[in-house]
Amino acid sequence: MSDIEATEQVAETLVSAVAVEQPAAGEPNLLVDVDGFEGPLDVLLVLARSQKVDITKISILALTEQYLEFVKEARRLRLELAADYLVMAAWLAYLKSRLLIPQQKDSDEPTGEELAAALAFRLQRLEAMRDASAKLMNRARLGREVFSRGAPETVSVDRRSVWTATLYDVLMAYASQRQRHSVTSVHVKKRQVWSLQDAREILIRLVGQVAVWTPIEQFLTAYLEDPKERASAMASAFSASLELVREGMLDIQQSAPFETIYVRASQRTPGENDTDEGAEALEAKEAEPL
Amino acid sequence: MKKPPDLLEAPAADEVNEASEVGEILETERMVEALIFASAEPLSFAELSKRIPGDRDIRGALNRLRAHYRKRGVQLRSSEDRWSFRTAADLSFILHREAVEQRRLSRAALETLAIIAFHQPVTRAEIEDIRGVSTSKGTLDVLLETGWVRMRGRRRTPGRPVTYGTTFDFLDHFGLETIKDLPGLEELKGAGLLDSAIPASFHVPAPDDGIDLTEDEDPLDESEMFATGALEEDAGEK
Amino acid sequence: MKKPPDLLEAPAADEVNEASEVGEILETERMVEALIFASAEPLSFAELSKRIPGDRDIRGALNRLRAHYRKRGVQLRSSEDRWSFRTAADLSFILHREAVEQRRLSRAALETLAIIAFHQPVTRAEIEDIRGVSTSKGTLDVLLETGWVRMRGRRRTPGRPVTYGTTFDFLDHFGLETIKDLPGLEELKGAGLLDSAIPASFHVPAPDDGIDLTEDEDPLDESEMFATGALEEDAGEK
Numbered sequence: 001m002s003d004i005e006a007t008e009q010v011a012e013t014l015v016s017a018v019a020v021e022q023p024a025a026g027e028p029n030l031l032v033d034v035d036g037f038e039g040p041l042d043v044l045l046v047l048a049r050s051q052k053v054d055i056t057k058i059s060i061l062a063l064t065e066q067y068l069e070f071v072k073e074a075r076r077l078r079l080e081l082a083a084d085y086l087v088m089a090a091w092l093a094y095l096k097s098r099l100l101i102p103q104q105k106d107s108d109e110p111t112g113e114e115l116a117a118a119l120a121f122r123l124q125r126l127e128a129m130r131d132a133s134a135k136l137m138n139r140a141r142l143g144r145e146v147f148s149r150g151a152p153e154t155v156s157v158d159r160r161s162v163w164t165a166t167l168y169d170v171l172m173a174y175a176s177q178r179q180r181h182s183v184t185s186v187h188v189k190k191r192q193v194w195s196l197q198d199a200r201e202i203l204i205r206l207v208g209q210v211a212v213w214t215p216i217e218q219f220l221t222a223y224l225e226d227p228k229e230r231a232s233a234m235a236s237a238f239s240a241s242l243e244l245v246r247e248g249m250l251d252i253q254q255s256a257p258f259e260t261i262y263v264r265a266s267q268r269t270p271g272e273n274d275t276d277e278g279a280e281a282l283e284a285k286e287a288e289p290l
Numbered sequence: 001m002k003k004p005p006d007l008l009e010a011p012a013a014d015e016v017n018e019a020s021e022v023g024e025i026l027e028t029e030r031m032v033e034a035l036i037f038a039s040a041e042p043l044s045f046a047e048l049s050k051r052i053p054g055d056r057d058i059r060g061a062l063n064r065l066r067a068h069y070r071k072r073g074v075q076l077r078s079s080e081d082r083w084s085f086r087t088a089a090d091l092s093f094i095l096h097r098e099a100v101e102q103r104r105l106s107r108a109a110l111e112t113l114a115i116i117a118f119h120q121p122v123t124r125a126e127i128e129d130i131r132g133v134s135t136s137k138g139t140l141d142v143l144l145e146t147g148w149v150r151m152r153g154r155r156r157t158p159g160r161p162v163t164y165g166t167t168f169d170f171l172d173h174f175g176l177e178t179i180k181d182l183p184g185l186e187e188l189k190g191a192g193l194l195d196s197a198i199p200a201s202f203h204v205p206a207p208d209d210g211i212d213l214t215e216d217e218d219p220l221d222e223s224e225m226f227a228t229g230a231l232e233e234d235a236g237e238k
Numbered sequence: 001m002k003k004p005p006d007l008l009e010a011p012a013a014d015e016v017n018e019a020s021e022v023g024e025i026l027e028t029e030r031m032v033e034a035l036i037f038a039s040a041e042p043l044s045f046a047e048l049s050k051r052i053p054g055d056r057d058i059r060g061a062l063n064r065l066r067a068h069y070r071k072r073g074v075q076l077r078s079s080e081d082r083w084s085f086r087t088a089a090d091l092s093f094i095l096h097r098e099a100v101e102q103r104r105l106s107r108a109a110l111e112t113l114a115i116i117a118f119h120q121p122v123t124r125a126e127i128e129d130i131r132g133v134s135t136s137k138g139t140l141d142v143l144l145e146t147g148w149v150r151m152r153g154r155r156r157t158p159g160r161p162v163t164y165g166t167t168f169d170f171l172d173h174f175g176l177e178t179i180k181d182l183p184g185l186e187e188l189k190g191a192g193l194l195d196s197a198i199p200a201s202f203h204v205p206a207p208d209d210g211i212d213l214t215e216d217e218d219p220l221d222e223s224e225m226f227a228t229g230a231l232e233e234d235a236g237e238k
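Protein chains in written order, with the UniProt record's numbering: chain A, 1 to 290; chain B, 1 to 238; chain C, 1 to 238.
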């Protein structure tokens, strides 16, 4: 029968078309399904088209033969088919038997004709969607055939802000910042402070060439009247005096802690001082009581 | 020689009215034209109404403008009552330089897009049923990425599968006024090929890309609304 | 009944010629229109010539298009022979949209506002003294923008600094009948906003938002009355 021959031919070309993509012909276990076909329904659709009739008029029986032949051919070439192709083959074999064997009376199962119609419907539906997608893609599409404004003029937006705040926010802000401020900002009154430099200049000026041990306060009398200045003046003067002793410009002595501090102009000539002059001078005060 | 006053004045008054009416009609047309022309994106009728001051016949202006531009190089189009100027399709041959490289969709993606367009709202399982193969994860993601396809909701069936549908961008891209203008829709409907069940059923559904969910759809969860891919759905399959 | 061939054919041939001529003219217009519309930049005459096939009267098309669009909402403009569509200048007002944003005041602004409210009339230096930090120019600008704060006058002290006070809108927005309704020290304490352990010297002033200037204020200069920002004041500081 030429029909069968044609079927075989189609199946062979199908398989070889697939197999060509697998160059290692001698290799077993070539995978067929993936490339080229979108599953068994796709294969069936290709086969159905080969019948060259309106898909509503295809012979499902012939199609079944073709598919089974396709699977057989694939197996002969030892191509490994994915499971769903085999499931379809099994289902089609079942369909074929239902089509060939007369329908049992009062059977619950669908008749071969119903099954065939269902298959035909699925094929038609798939083909319809394929056509639809092609038609869709052939439309004049935005950005390909049809274009929107190339230089759109943006709508300028006036952003007007509506500010929101509650009275509570304002009061909260006021109270918390006033409070924060009243606690953290301790106003320290600016004090009259004698810098070391000040003290040093005054000492040099006043002690001058006074060679007699003189209480340091005497030199500072004028500056110690103001009680606010007193502590600062004393501290700075004492520090400055030590500095001057170290430099060999002053001698200093104190008999005991909290006793009066005496100073006088240095009795040594400048230049014979060592680096530790200050320390020596301090030691000297003990050996040289008033 | 002097005409009686009633004969003289009556037409004059009419003329003034008419002139100002014509003026307003023309002005409305100009405004609609300017607003739509300025924008690259389609403008909805609602937006137009909001932006055009006063109470004017915007619908009439749109219709007149559409007619006016019908034969020109630029045309006034609408999709779902959103209006845009687009170049005439027959002039594409001189405009190819403006074309931006677009990602080519695989055959599987094209088929899936058509199935979603014609069968929406449709679940992944239904798409697979029509195609006869399982849909690879990437296919739906790619379609979602194009902005032509969206996740609509969840079907009220066991497993609550996500339903897919097309977007406004889909209509705009393919130059469809409504989803009912899908090519070949009527024939397919007539042939019962949009029926999700096997032919015996008499129920012939039409694609529905409406914002509102159909009665067998549930809304997506909040987090899913902003998901870019079909990730939620796929996550369960792993 | 049959007309002589010469009478029949001559006009027909003319018509065909004319029609195809008109067709070509219209087609050129359409091409020019579409190209300029789709282009992201103004198109030069040279580019138009390059992209439109054949030998067509592009200059004529441009002139006709310009005339065609003259009274429409969109106009064809050229600058140095580069052509573009622009919406008509008189319609620019509809390309304008107002967006209202609700914004919250920054903490600095709230604090400054509160100080102005309680201590008005108050100068910037005084605000800074109370807050213990310098007040940024932006903060006062924002407050003036809210409409809750105004420049009242100038203090009669060296440098004649601007004095700030609150407005009627301030009372209105915060639901105060008069500025005297701002809670005093005891009320702030009672509301738990002020710690009860604050120093005894702490006091909350009785604010005065009267229109009349206080005796140590001078009026603003005329030009300053309408200034929107604290610009005059700040300009001097830079």
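Hints were generated in silico from the structure; no laboratory data involved.
It cannot be assumed that every hint is accurate.
In silico DSSO-like pairs for lysine-lysine, Cα to Cα no more than 30 Å straight-line [to be verified]:
{"no.": "1", "chain 1": "C", "residue 1": "Lys71", "chain 2": "B", "residue 2": "Lys50"}
{"no.": "2", "chain 1": "B", "residue 1": "Lys71", "chain 2": "C", "residue 2": "Lys50"}
{"no.": "3", "chain 1": "A", "residue 1": "Lys96", "chain 2": "A", "residue 2": "Lys135"}
{"no.": "4", "chain 1": "C", "residue 1": "Lys71", "chain 2": "B", "residue 2": "Lys71"}
{"no.": "5", "chain 1": "B", "residue 1": "Lys180", "chain 2": "A", "residue 2": "Lys135"}
{"no.": "6", "chain 1": "A", "residue 1": "Lys72", "chain 2": "A", "residue 2": "Lys57"}
{"no.": "7", "chain 1": "B", "residue 1": "Lys180", "chain 2": "A", "residue 2": "Lys57"}
From the derived model, a few chain B residues whose C-beta atoms are all more than 10 Å from chain A [stated by the list, open to error]:
{"no.": "8", "residue": "Glu41"}
{"no.": "9", "residue": "Ala46"}
{"no.": "10", "residue": "Gly60"}
{"no.": "11", "residue": "Asn63"}
{"no.": "12", "residue": "Ala67"}
{"no.": "13", "residue": "Arg86"}
{"no.": "14", "residue": "Glu98"}
{"no.": "15", "residue": "Leu110"}
{"no.": "16", "residue": "Arg131"}
{"no.": "17", "residue": "Arg160"}
{"no.": "18", "residue": "Thr167"}
{"no.": "19", "residue": "Asp172"}
{"no.": "20", "residue": "Thr214"}
Residues from chain B shown here face chain C by an in silico Cβ test under 7 Å; the list is partial [as the list claims (entries may be wrong)]:
{"no.": "21", "residue": "Ala34"}
{"no.": "22", "residue": "Arg51"}
{"no.": "23", "residue": "Tyr69"}
{"no.": "24", "residue": "Gly73"}
{"no.": "25", "residue": "Arg77"}
{"no.": "26", "residue": "Glu80"}
Where a beta carbon is used, it is the ideal one built from N, C-alpha and C, also for glycine.
Quick rundown of the hints versus the structure:
no.: 1; hint: Lys71/C - Lys50/B; verdict: holds (24 Å)
no.: 2; hint: Lys71/B - Lys50/C; verdict: holds (24 Å)
no.: 3; hint: Lys96/A - Lys135/A; verdict: violated (35 Å)
no.: 4; hint: Lys71/C - Lys71/B; verdict: holds (19 Å)
no.: 5; hint: Lys180/B - Lys135/A; verdict: holds (15 Å)
no.: 6; hint: Lys72/A - Lys57/A; verdict: holds (25 Å)
no.: 7; hint: Lys180/B - Lys57/A; verdict: holds (29 Å)
no.: 8; hint: Glu41; verdict: violated (8 Å)
no.: 9; hint: Ala46; verdict: holds (15 Å)
no.: 10; hint: Gly60; verdict: holds (23 Å)
no.: 11; hint: Asn63; verdict: holds (21 Å)
no.: 12; hint: Ala67; verdict: holds (19 Å)
no.: 13; hint: Arg86; verdict: violated (5 Å)
no.: 14; hint: Glu98; verdict: violated (5 Å)
no.: 15; hint: Leu110; verdict: violated (4 Å)
no.: 16; hint: Arg131; verdict: violated (7 Å)
no.: 17; hint: Arg160; verdict: holds (25 Å)
no.: 18; hint: Thr167; verdict: holds (13 Å)
no.: 19; hint: Asp172; verdict: violated (6 Å)
no.: 20; hint: Thr214; verdict: holds (21 Å)
no.: 21; hint: Ala34; verdict: holds (4 Å)
no.: 22; hint: Arg51; verdict: holds (6 Å)
no.: 23; hint: Tyr69; verdict: violated (10 Å)
no.: 24; hint: Gly73; verdict: holds (3 Å)
no.: 25; hint: Arg77; verdict: violated (13 Å)
no.: 26; hint: Glu80; verdict: violated (22 Å)
Hint check: violations occur at hints 3, 8, 13, 14, 15, 16, 19, 23, 25 and 26; the rest are consistent with the structure.
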